[in-house]
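All chains, full assembly: derive it from the sequences and hints.
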Amino acid sequence: MSAPFYRVIKGNFVITGKQPDGDSVRFIADNPDLYDELHRSYRIELSRDRSVQLRFESIDAPEVHYGKDAQILGEDTRDRLLDWMGFKNIVFAGNRVESANPDSVPGAILSKAADANGRPVSYIFLEKDAAQLKDADWVQVEEKRLKKTINYQMLREGNAYYTVYTSTPLIHRELLRKAAAKAKTDKLGIWAEDMTNEFELEDKNSITAPNGQLILPKLFRRCIDYLKAVDKGFEGNLKDWLILISSGSRNENDRVVVGNSMELKLSDLIKQRNNKIVFQADLLDVTFVEK
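So for the sequence shown, UniProt numbering puts the first residue at 1; every next one is plus one.
In silico SDA-like pairs for lysine to any residue, Cα to Cα no more than 20 Å straight-line:
hint, residue 1, residue 2
1, K291, D115
2, K239, I224
3, K182, D285
4, K128, V105
5, K134, R145
6, K187, L175
7, K147, K182
8, K228, L244
9, K232, E252
10, K178, F288
11, K88, E127
12, K68, A93
13, K88, N12
The calculated label-pair distances, taken between Cβ atoms and stated as ranges, are:
hint, residue 1, residue 2, range
14, K134, K204, 44 to 50 Å
15, A192, R40, 33 to 39 Å
16, N101, E235, 50 to 56 Å
17, E263, G233, 27 to 33 Å
18, Q132, I171, 16 to 22 Å
19, D282, D103, 40 to 46 Å
What the hints contain is simulated information worked out from the structure, not anything from laboratory work.
Don't be surprised by glycine CBs; every beta carbon is placed ideally from N, CA and C.
What follows is the structure, given as structure tokens:
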């Protein structure tokens, strides 16, 4: 079982010249050497300004830019996050931030590992709460501390989907799920628009901004890649495509656990008739297996 202990890494969140979204910003650690003790630290690469892209633990916000494609509410959830973090007067050029006030926001991340793409999987603390933490410490993230994270607040307000992995401690999943369930019941934010359980997939316009249906971002990304394959001549449906790529070097047919059941593949949860896609699980019952 995954342990709820995380490394405290203090530093500054930066967005100027970057392309933040609703579940990830860049971060410059005061002491980058602290990354070395994280699991899969060898995957972490500092950019020229010493920043790294983060993956916010347990949340997935609507896409602002998946290649050239985006989802509805993507910009809304991004802007809510940045405002919450303390960035004001933000000027965008497309998805890139040209200027913001302030240039950076101090805080801390709590992380124990990098993901397959080299992003530290992190809980986010802003300056006030970060002041209670000591740089380089390994700390336990209990309920009181977890509720102070940006991650928890994004779920509580319905600004992101609950998207957890087997690497997420069970006690965290339970608390975060409860926050997301309340937001879903109250139809806050994304939950007022979510169509994941049954949606139409005729072409990209079906699921992209400005008028497409809102679905789980991870599933959105799989659908976009599937449609690209169709444009190149693939003749099967979404389930067929997920099964096909299971045997390739880029396996996007995620392994999942639903509730307390046995491990399944993402394709096992997909049912399709013509253009109608049915996702056969409650999103709040799905745990993805960390790659």
